[in-house]
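**Q** Residue strings, one per chain:
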Amino acid sequence: MNENLAIVIAAAIPIPKLWYAVPLIVSISLVYGATRHEHLKPILIHSLRSAIWVTGFMAIIFGLIWLAGFWN
Amino acid sequence: MTEVVYNQEDGDPIVIDLKQPGKAALLAWLWPGAGHFYQQRFAKGFLFMICILSIFFFGLGLGRGRVVYASSKPGDFRWQFACQAGIGLPVAPAVLQAIKTSAGGDPLFVMCERFPPPANYPQGPGSDLAFHRITDENGNGYEGPTLKDGFMAAPQGPIFQNDRDVLGMWHYDYKHNFDLGTLFTVVAGLLNLLAVYDAYVGPAIVTKEQLEAAKRKKNSGS
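Quick note, the sequences are listed as chains A and B, same order. Throughout the first sequence, residue numbering follows the working numbering, covering 1 to 72 in sequence. Throughout the second sequence, residue numbering follows the working numbering, covering 1 to 222 in sequence.
With the rest of the complex left out, here is chain A (with noise of 0.2 Å):
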């Protein structure tokens, strides 16, 4: 997953528009992990592994476009 994290990251830096994805990101799981718990330890918990999975989702999709690139 950490590596799905760094391919993201690597490829969110020549395209800036990627960075918007980012308050989107730690919104969505902070107030997701807050539906699920009830104290802030484990709601941070939970919205880091969210957080992780979503970025990890994000990173296999933009793999998935990226190969579809080459179809020509």
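What the hints contain is simulated information worked out from the structure, not anything from laboratory work. Among the hints, erroneous ones may be present.
Unchecked claim - Calculated lysine-lysine pairs in the BS3-like style (CA-CA distance at most 25 Å, straight line): (1) B:K218 to B:K208; (2) A:K41 to B:K208; (3) A:K17 to B:K175.
Use these hints to put chain B onto chain A, whose structure you have.
**A** Chain B alone, transformed into the frame defined by chain A:
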């Protein structure tokens, strides 16, 4: 008073006093986090308020105050507003503007004025300036009727499918920021619905009983 208890596998059970859940849900819808403040769940209240309002206002800023508006005009049915309305009071100006302009009046909080289309648009003289923003450079003392961009107001003037109109100019002027602003505000509205749910029934915590039931199911299946 409504109290919910979540038995934990380890540690003390979590007890949450939801007070009057209906009232809390209404407050949570009106202002993100307000329902949780009413229930004295301050940490979660702040978390919801900061997360949801920050992305809402960031999106509104990206779209220069134009991405949140209510419209059911042919060609511009703004379905996104149904999602944005999940955030409650912050979209109230859009409702006010819709009421104010429904009979054809000018919007409140005018941000800029634009040239209206000429009678024989898009072929006739003056069509090249139609829907463009009036500035000192292109205005040349123009004093005729104008189309006004209002804060959280629907685009004025006719909406065309294949020719330039105010909505098209917004997309042209703000590029990807218009769509991103719409996305941010839509997501903020939808996230607040989760906060409303949390204020109404409490968090969806997995309890000790549910964990045990899941384990039993897993063991019986394997």
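**Q** Out of the numbered hints, which ones does the structure contradict?
**A** No numbers; nothing is violated.
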